[in-house]
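Work out the full structure: start from the sequences and follow the hints.
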Amino acid sequence: MDGTDIATRMLHMKNKILIVEDEFLMLSFLRQRTEKENFKVDIAIDGNQAIECIDKNKYDCILVDLMLPFVSGFELIAHIRANKQNKETPIIVLSALSTESTIIETLSIGANDFLKKPFALNVLLTKLKLLIGGHNLLRTA
Amino acid sequence: MNKQNYSSVKSFYEWFNQYPLFIEIAIVIILLSVVLFIIGNVSLLFKRIFDAYHDVRIKKAKELVTAELTADLMMDDSLTDHDFDKYAIRIRELMLKNRLFKQVLIDQVIFYHRNFTDSTSRILQKLFNQLNLADSALKKLKRGAWELRAKGLKEIQEMMTGESNYVQLLNPLLNDKNNDLRIEAQAAYIRLHKENPFKFLAHTTEELLEWHQILLCEIITNTPNLEVPEFRIYLRSKNESVCSFCIKLIEYYQQLDAIPDLINLLDHPSQKIRAAAVSLLGKLDAEQAERLMIAKFPMEDLKIQLKILESVGEIGSGENLTFLQTQFLESEEFTLVKTAGCALVNYPFFDKEELIQEVNQLDDSPLARETILNHCTNVLIRN
Amino acid sequence: MLKKALDYLIAFYEVFMFDYASVLMFSYSILVVLSLFEIRKYLKRKSYINLRSILTSPHAPGITVIAPAYNEGLTIINNVHSLLSLNYPKFEVVIINDGSTDHTLQKLIENFNLVAIDYAYNEQIITQPVRQIYRSGNPAFFNLLVVDKVNGKSKADASNAGINISSYPYFLCTDVDCIIHKDTLLKLIKPFIEESTKVIATGAAIRISNSCEIQNGFMVKVKVPDKFLPLFQELEYIRAFLLGRMAWSKLNALMLVSGGLGLFDKEVAISAGGYDHKSFGEDMELITRMRIYMHDIKEKYLVKYIPESLCWTEVPATLKVFGNQRTRWSRGLAQNLWLHKKIIFNPKYGIFGMLSFPYWLFFEWLAPIIEATGIIYYIYVIVTGQINWEYAVILLVYVYSFSVMITIFAVLWDEITYKQYGSKAEVFKLCLAALVEPIFYHPLVVIFAIKGYLYSLTGKTLVWGNMQRSGFEKKLSKKLQQFKSNDSIKNEK
Numbered sequence: 001m002d003g004t005d006i007a008t009r010m011l012h013m014k015n016k017i018l019i020v021e022d023e024f025l026m027l028s029f030l031r032q033r034t035e036k037e038n039f040k041v042d043i044a045i046d047g048n049q050a051i052e053c054i055d056k057n058k059y060d061c062i063l064v065d066l067m068l069p070f071v072s073g074f075e076l077i078a079h080i081r082a083n084k085q086n087k088e089t090p091i092i093v094l095s096a097l098s099t100e101s102t103i104i105e106t107l108s109i110g111a112n113d114f115l116k117k118p119f120a121l122n123v124l125l126t127k128l129k130l131l132i133g134g135h136n137l138l139r140t141a
Numbered sequence: 001m002n003k004q005n006y007s008s009v010k011s012f013y014e015w016f017n018q019y020p021l022f023i024e025i026a027i028v029i030i031l032l033s034v035v036l037f038i039i040g041n042v043s044l045l046f047k048r049i050f051d052a053y054h055d056v057r058i059k060k061a062k063e064l065v066t067a068e069l070t071a072d073l074m075m076d077d078s079l080t081d082h083d084f085d086k087y088a089i090r091i092r093e094l095m096l097k098n099r100l101f102k103q104v105l106i107d108q109v110i111f112y113h114r115n116f117t118d119s120t121s122r123i124l125q126k127l128f129n130q131l132n133l134a135d136s137a138l139k140k141l142k143r144g145a146w147e148l149r150a151k152g153l154k155e156i157q158e159m160m161t162g163e164s165n166y167v168q169l170l171n172p173l174l175n176d177k178n179n180d181l182r183i184e185a186q187a188a189y190i191r192l193h194k195e196n197p198f199k200f201l202a203h204t205t206e207e208l209l210e211w212h213q214i215l216l217c218e219i220i221t222n223t224p225n226l227e228v229p230e231f232r233i234y235l236r237s238k239n240e241s242v243c244s245f246c247i248k249l250i251e252y253y254q255q256l257d258a259i260p261d262l263i264n265l266l267d268h269p270s271q272k273i274r275a276a277a278v279s280l281l282g283k284l285d286a287e288q289a290e291r292l293m294i295a296k297f298p299m300e301d302l303k304i305q306l307k308i309l310e311s312v313g314e315i316g317s318g319e320n321l322t323f324l325q326t327q328f329l330e331s332e333e334f335t336l337v338k339t340a341g342c343a344l345v346n347y348p349f350f351d352k353e354e355l356i357q358e359v360n361q362l363d364d365s366p367l368a369r370e371t372i373l374n375h376c377t378n379v380l381i382r383n
Numbered sequence: 001m002l003k004k005a006l007d008y009l010i011a012f013y014e015v016f017m018f019d020y021a022s023v024l025m026f027s028y029s030i031l032v033v034l035s036l037f038e039i040r041k042y043l044k045r046k047s048y049i050n051l052r053s054i055l056t057s058p059h060a061p062g063i064t065v066i067a068p069a070y071n072e073g074l075t076i077i078n079n080v081h082s083l084l085s086l087n088y089p090k091f092e093v094v095i096i097n098d099g100s101t102d103h104t105l106q107k108l109i110e111n112f113n114l115v116a117i118d119y120a121y122n123e124q125i126i127t128q129p130v131r132q133i134y135r136s137g138n139p140a141f142f143n144l145l146v147v148d149k150v151n152g153k154s155k156a157d158a159s160n161a162g163i164n165i166s167s168y169p170y171f172l173c174t175d176v177d178c179i180i181h182k183d184t185l186l187k188l189i190k191p192f193i194e195e196s197t198k199v200i201a202t203g204a205a206i207r208i209s210n211s212c213e214i215q216n217g218f219m220v221k222v223k224v225p226d227k228f229l230p231l232f233q234e235l236e237y238i239r240a241f242l243l244g245r246m247a248w249s250k251l252n253a254l255m256l257v258s259g260g261l262g263l264f265d266k267e268v269a270i271s272a273g274g275y276d277h278k279s280f281g282e283d284m285e286l287i288t289r290m291r292i293y294m295h296d297i298k299e300k301y302l303v304k305y306i307p308e309s310l311c312w313t314e315v316p317a318t319l320k321v322f323g324n325q326r327t328r329w330s331r332g333l334a335q336n337l338w339l340h341k342k343i344i345f346n347p348k349y350g351i352f353g354m355l356s357f358p359y360w361l362f363f364e365w366l367a368p369i370i371e372a373t374g375i376i377y378y379i380y381v382i383v384t385g386q387i388n389w390e391y392a393v394i395l396l397v398y399v400y401s402f403s404v405m406i407t408i409f410a411v412l413w414d415e416i417t418y419k420q421y422g423s424k425a426e427v428f429k430l431c432l433a434a435l436v437e438p439i440f441y442h443p444l445v446v447i448f449a450i451k452g453y454l455y456s457l458t459g460k461t462l463v464w465g466n467m468q469r470s471g472f473e474k475k476l477s478k479k480l481q482q483f484k485s486n487d488s489i490k491n492e493k
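Chains as they are written, first to last, in the UniProt record's numbering: chain A, 1 to 141; chain B, 1 to 383; chain C, 1 to 493.
Per label pair, the in silico range of CB-to-CB distance: (1) B:L21 - C:L43: 36 to 42 Å; (2) B:S119 - A:F24: 19 to 25 Å; (3) C:S423 - A:D55: 32 to 38 Å.
Since the hints were derived computationally from the structure, they do not count as laboratory data.
Ideal placement from N, C-alpha and C gives every residue a C-beta, glycine not left out.
Here it is, written out as structure tokens:
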């Protein structure tokens, strides 16, 4: 099995991600930007919608904002980790809430990475690709 | 016609006059109430209609602007100058439609600028400059209403970082009597002033309220390439709030050089400052401060005593195990015992079993010291 | 002779009635204007301030959210979730299970994976014994704390246990069944950190959730109540909060922060002795005592209100439950005024003693009595045939038109601060209700207030314990029994 081979196949497969964010401007931009990177994107503007999506679909990565209506980001992460099909799905937290304790808290609940707003878009995209496909996807893409 | 009117007014007056005073007052109030009732209802109706119209316009403007900004401009990292100009012209057209569009554009540029760094924010900055949006912000500063000036200052803070030549515009506002306006001006000052962004701290006489400190801290910690001074020079400020503000900044920037100055603050007349100083000395692991803090412990009031225990625990030098244990075993104040217990948990050479034995040898104290110790060591409890 | 004395008395009474009503109306007019200034100032600041700064700050003060629960098994899980997802960087949620006889505690334990812990509890305010303290084993609920205690037959006792265990300098007191806006903590903490004078408590407007669309403990859509009784109460709440409270807040003479939603300085609250579990209006009583304490230690302080609706609560929809609630409130008011009578016109207590306390005595406490005697008087003159119908009608219209006008302005102020309702129709439904409110609703309020005063005179015990609540259970929907812990918004009319 050749590494590049897997990567090319993954490129064609279209990875599916979920973006959970209550700020409409942020959400619409992130969606357009990730779709351009060839991801298949689902969006949720609140915790309930997010849970609905998570229960229905399996994702390759989930981007979560911590401040959400209805279900807090913490609970959402816990929910993802308890969900059968998504318990292994990488989670990246995007939040302006970035005190040390918050970051530790989110990571210990099960998030894979934490990006403090403001962040560089390319860093996000890189992390996304890394978490999904490992280094291979990054190199080919 | 006029005459008729006159006579009806006259007959009303006669009718009105026949009543005693209190009924007259009542009639006047009734008429007034009816008129106000009608005015109230009509305003309700008009407000609703106007708002509905305004909402539709805003929504449309927002959609158009978002589409224009995100569709091409922010989508491409390697934008050529030619492409950029092409998009900028399209956005300018949108902006020139009316004032509403312009404000929506400014708000969205600021929003995205605040949420992204690097290439995205660079492009937005370029757009802001190209479209001369700074003019709009500066114009707001000259308006009369303070809330508009404050909004203008917010725009300046976000988009005009490092443009020192506008600093003098802010000078008259730095000591404004209006709290909100003053603080926005100070925040803008920090953002614009390249060489000495904190110069105003030496001159500010007004109190920096807790909320203001939060705002300024946010601005400071989010300004890239900020010229950070040694904040210890402001610790001697006569303005107490400046002192407590600088303690926060020393913590953020971990300025270890400030430790001797912080130790001096242990004699500060304000309890709040002393508490903050003790707490920060702990966070900076200032072993050299331990002896003085412990010496001051018996004279201090409870709040500071608690802070001292916390700090000694945090410094964790290993030299004051007895001090903490004594406090834990001998103090009769619940909070002191608990704080001492929590400070002991991670202390070098601390032996829990041994301490519990000592607790058991004590006469029955009303304080359940063993429970307190268990509380402190329980990982599920974090405070 | 007797007849003559009676005539004099009647003549005097007529003049007094008219003057009393006029002074009352005049004071309302002032409240309307003052509240407008306060609301305008608030809106101007709100127009450009971004609360995100607090959200991301490591220096935001910590807040403990205290919510007592008694037999709330049906809704507790959703409501705790809703409290846990408040927007704030540093807070904990303390649920006090006040000796529930249903499965409230079991549900909490199962859903939040609670573990009993050996907690060193510091009983600064004496309460009924605490049986056990729980924390979640699931790190996602790291800021949840559940206290199981013996029922103390009052919300005050449960809240006190919450205050004892709280670890942050401020606490928010609420009810488990209240729907709270997610930015509540951000908005309520702001006065504490932006005033140079010490703020000891803040509150915000409470609204009625009876007909609102609520999903899993979250507000989906705000609606005007359908039923008459809640509809009138909504008007009353709007008036009380947007006119009364805002104006009093401007004068720093506010005497009540509702039990349904209030943020307090813990240190001052504890020093003042916490909630009084014997009081029928413990929320008003606490503020009174905190104010007295601050005056006694001679420190300047503020009690602030913000003109935003941040909390929705279910109010009684049947006459019986409503009557009980109002009787209790008026009793609480009478009790509080009597208990702290030394404050009245005592210059030591500043504007609080010179203005707000007397105002509550003469216009809030006394008004129902004056109104009741007024009606008796009307009946008397009608029966004895002394009535001047023309004057009588003019005077009635006088009072009526003024009160309707004031209500309309309250609704208008509410619209200016925030458009709560989706459609014009809903707002005009409120306006229509305002027209009939003085005729149908107001007399009820008067009757129940008088009943409350009578109870406090006779000392008749109004048990708000478990017995009465389980009595309701048979007839009423589950939620409605919960007003036991209600915010007493004793209204500024």
